[in-house]
Amino acid sequence: MDYNTQRALGKIGLYALVALISLFCLFPFYFAIVTSLKSGTELFSTTLWPAAPSLKNYISLFTVAEQPFGRHIFNSLAVSTLVVVVSLFLGVTAAYALGRIQFKGKGLLLLTVLGVSMFPQVAVLSGMFELMQAIGFYNHWWGLALPYMIFTLPFTIWVLTTFVRGLPKELEEAAIMDGCSPWGIITKVFLPVMWPALVTTGLLAFIAAWNEFMFALTFVLDNTQRTVPVSISLISGADKYEIPWGKIMAASVLVTLPLIVLVLAFQRKIVGGLTAGAVKG
Amino acid sequence: MSTPTTDIAAIGIPHAPAARAPRSQLTRERTRAAWLFLAPSLVVLLMVAGWPLGRSIFFSFTDASLETIGESTYNMVGLANYFGPYGVFNFAAVNGFWSTDWGMAIKNTFSFALVSVVLETFLGVVFALVLNAEFKGRSFVRAAVLVPWAIPTIVSAKMWAWIMHDQFGVMNALLRSAGIIDQNIAWTADPAFALWSVVLVDVWKTTPFMALLTLAALQMLPRDCYEAAHVDGIHPVKVFFKVTLPLIWPALMVAVIFRLLDALRVFDIIYVMTSNSVDTISMSGFVRREIVDNNYVGFGSAASTVLFLIIAACTLIYLKASRVDLGGEK
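Protein sequence lines, in the order shown, are assigned to chains A and B.
So the first sequence is numbered by my numbering: it starts at 29 and just counts up by one.
So the second sequence is numbered by my numbering: it starts at 16 and just counts up by one.
The shape of chain B in the complex, shown without the other chains (with noise of 0.2 Å):
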């Protein structure tokens, strides 16, 4: 034990991290308030993330179902649901992995979250240069770009599954008026175009988020540069992608990365507006496809299980490409 010190400076809170300092007395109250302020905190976290994370990923070794679950009834089954024949992983399914629901639901994912986080983010930069530009109007715009951030997803998922609809939509009526199409199409039912209906519906939700984001960036840029470019008469164009784009990058990957995250973990839009089909059926709506309507719990917990290990890979990545300052020793 440390001898107790009254000496303030050698308290070491306010100037030095605790660690290289003396450990006084008030250093060693703090630290068990700190614990005690924490652990509130931490128990609800473990009891909504830890636990039910650690017994859906035990479920998946099972057979459960939604009945067995709360009578303990299930048996072990191994790796079945992640290898059996009806496994996740099912590599001998008869027209190959990716055309089973759940490589389906794979493929689906990814190729919403790329494309809606790709447009987004070009969006998004477009939308946040032009706030940034000086016009009459510029505080009316600004709100304007957070209605469709403040609607909620199920609300701009009914609203455009509306607006595509095949027969009284008005999107089908604006393009064959413009003449761009000769026949209804439907949107959010026809598997060609199911799932770039819901990229486009996504698109619009969060470009807002992109665009503010990018502005909060833009607008912490030096002005100086920018003069001295006005100056030397260098095309805005040229200014942007040699001063602009690479002073504001490091910010836009972080919050491209975020809004991948987010994207991969869909399920809502898509199953509002398209009712869940295999064509747009995301890894989240398969998840709960299974383990809620086909009470497939064990299955449902391995497929949720690969997915969640899919989505800590990429948290990993996230943290290391962001280099958080988890210490707050800046």
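Pulled out of the complex, with its shape left as it was, chain A reads as follows (with noise of 0.2 Å):
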């Protein structure tokens, strides 16, 4: 075998190779995509195309008072946000203090964030279900916030004090030499160049609030307060014998698209952030 033949074997295997991974990846959320447009009895056959698309499945999603979708949407938009919006700034705050101020203790209190994040969240269900009762928290969707703290707090703080850190030091002495207090320095001089770690912090929280469902399926049990996880996995047919596989992937669809829409978006600073949190962390 010359040397050509071999190279162009090699640029076969790699393309092969990657056409293998593109259709590892994409496959499942495509069949998805598929059966959410079919209806009827096409749902049984495992065509890979739909011969009539329909939005039938879609529209029930929306229709069906037991299970309002729409709500749930809401729910969970909701507590995402204010969940993310609580870290965020609990978040600059603490990684001000953390990155850029050396005091006792420093050291022990990132062992605490780190360890926090490494948490087991099923090892506080008990005391966490006993909590929520007493302070009225329980069986609210906005309530879900306080347990979702537990996961997207440490990463964040963990993630702003390692860009804080990378942050020249010329940026906050000119500030300390104009006199300017610590809470000026964080509004006036970092929160301009943090946007960047913000955005992906805030993604990043955003997404895995978004997604959460342990403490969601134990928290709340009203219908109405339910978040988008929960209500997927609780999606249910006329019988319970039945089970609506197409309802179920087009809310599947519906919840995932956008995620995945942000993510392309965003993709680079994502990855950076991963990288951040998992690898140097």
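Keep in mind the hints are simulated off the structure, nothing from the lab.
Every residue gets a Cβ at the ideal spot worked out from N, C-alpha and C, and that includes glycine.
A few of these clues could be false.
Unchecked claim - To be clear about the criterion: a stretch of chain B counts as covered by chain A if any three or more of its residues have a C-beta under 8 Å from a C-beta of chain A, and this derived list gives those stretches: (1) 78-92; (2) 119-125; (3) 173-184; (4) 234-244; (5) 268-281.
To be verified - Simulated pairs of lysine-lysine, DSBU-like, Cα-Cα distance not exceeding 35 Å: (6) B:K335 to A:K197; (7) B:K335 to A:K134; (8) B:K151 to A:K297; (9) A:K132 to B:K151; (10) B:K257 to A:K39; (11) A:K216 to A:K134; (12) A:K297 to B:K335.
As the list claims (entries may be wrong) - Chain A is faced by these chain B residues, among others (derived, beta-carbon under 8 Å): (13) A107; (14) A108; (15) F150; (16) F224; (17) L227.
Join the two chains into one complex using the hints; note that each chain is given alone, in its own frame.
Shown next, in the form of structure tokens:
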């Protein structure tokens, strides 16, 4: 085999691998879209293309009163936004303190933050149940914001601290010389340059809250208060032996498409954020 | 009290750690500001992690139920939830500890975590090497790889449950037409396949994460040693094992342990795909079942405490292994 054939074979192998990887990553979601457009008996044929595409499944999501999917989307959007706003606010102030100021006990604090981010959420389940009931957060969509802090806050603090630490020291020195207060330094010096990191961590925290399942399943019982993942897991048909796969896939596509668009739009930043959160951390 | 000084050089914030510089007024002010800024976060962390964890551990020594924890009418039962005849460490069980539901949950969780992380790492490195090569449409494939990661876990579980459906699933149809199987297989219900079906879905969902972290490590490698290897005509496979792998190893290991800790907490994917059946139940699934479905808050909390200790031990190993830079004095 001469050099050129070898090269050509290598190229073919590479493209075959690329095709395989793309198929592996995209096929399940493609098939979910196809299923969501099928209706009637066509659902049970395994064709890879809908013969008579219809939006029936999507429409039925919003017309069945017992499963108010629109309401669930609102709940998810609202609680995720709430969690992101609170985490970012707390994260920025903590990151400035941890990334810029030297003080005793800082190492231990960072260790605690990292430890909490590794926390098995189920380890707080009974204690959190008691707390949620005691303070009246139980069974409300907004109440979920409290347990969600357990995974969004440590992550936000950690990634933002890494970012703040990497900023040039001159930024702050001038402000200190001018007699700027620490709060002023955060709002006037750091916030303007922190936007990229805020967008990334905010987005990752949003996705984490949007996808959360266990707390949402456990701390919310009322059907109007549920979030999207629990809603999808509970979609049921007219009788309990008939699982409406078309409808489940329609709901899945609906809650995933915006996420995919966001992730693709912020691709580079997200990869950077994940790297900061895992490899450096 | 140290003498207040206005000498900027002595402040010690910009270049020298504060501890070694004389404590000026500004340093003290900044330390106070640091604690003030940290206070809200610390309060929240204490409220959502410290306090509930402490209460959960406390409940593990009681016979509490969901009704009695609100009214504080439970009784202390000592170590009965751990070592009693129905405790989590029921070594006197008829068919042995590993046949109890909790024993099964431990086995399932570790099998799940180890197998899926090994597969994810292997596939992740393969994906990363491919994405690092040059070919047409690279940015498209790089975006495609992100798709499984962006899909919510519940959605991937449902999607794959449908693909793996025993009667109408496309997986059985494809395997049958290819002649690999001649009977439909109940992938998520048959105890012989259920756990491995869940592993497959987890691998699908998290390989992108491993691939992207590995790719980030690959792109930081120096180019010159590859050029040298190329000039010397060394076979690419040998270059990978002798040059690439040793260089990305530290980053890869950190990613692996990070994923492993995540996999040990697995709950939603198993809960949704196999309805939390005993054949596939995870430790987290077991804890939730005992606390919420069976209303044994005390017993469930004992299990959750054991789970917490296992993961805490793994975290400590992780922190040691990755030598995290906590002081920020690189």
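Structure-based check of each hint:
For the region 78-92 of chain B, the proposed coverage by chain A is satisfied: 4 residues have a C-beta within less than 8 Å of a C-beta in that chain, meeting the threshold of three. Counting residues of the region 119-125 of chain B whose CB lies closer than 8 Å to any CB of chain A gives 0, which falls below the minimum of 3, so the coverage claim is violated. Counting residues of the region 173-184 of chain B whose C-beta lies closer than 8 Å to any C-beta of chain A gives 9; at least three are required, and the coverage claim holds. Counting residues of the region 234-244 of chain B whose beta carbon lies closer than 8 Å to any beta carbon of chain A gives 0, which falls short of the minimum of three for the stated coverage.
Three residues within the 8 Å Cβ limit are the bar, and the region 268-281 of chain B against chain A gives 6, so the coverage statement holds. Taking the CA atoms of B:K335 and A:K197, the gap is near 29 Å; set against the 35 Å cutoff, the hint holds. For the hint pairing B:K335 with A:K134, the CA-to-CA distance comes to about 18 Å; that is within 35 Å, so the pair holds. Of the supplied pair hints, the one linking B:K151 and A:K297 holds, its CA atoms being roughly 23 Å apart against a limit of 35 Å.
Restraint check for A:K132 and B:K151: the C-alpha separation of about 53 Å exceeds 35 Å, so the hint is violated. Proposed proximity of B:K257 and A:K39 is supported: the alpha carbons are some 23 Å apart, at most 35 Å. For a cut-off of 35 Å, the pair hint linking A:K216 to A:K134 stands: about 24 Å separates their Cα positions. Straight-line distance between C-alpha atoms of A:K297 and B:K335 comes to about 28 Å, which keeps the hinted pair within the 35 Å bound.
The beta carbon of B:A107 is not positioned within 8 Å of any beta carbon in chain A (closest approach about 26 Å), and the interface hint is therefore violated. The interface hint given for B:A108 is violated, since its Cβ lies 23 Å from the closest Cβ of chain A, which is over the 8 Å cut-off. This hint holds: B:F150 has a C-beta 6 Å from the nearest C-beta of chain A, less than the 8 Å allowed. Hint status for B:F224: holds, given a least beta-carbon distance of 7 Å to chain A, under 8 Å.
Checking B:L227 against chain A: minimum C-beta separation of about 5 Å stays under 8 Å; hint holds.
Of the numbered hints listed earlier, those contradicted by the structure are 2, 4, 9, 13 and 14.
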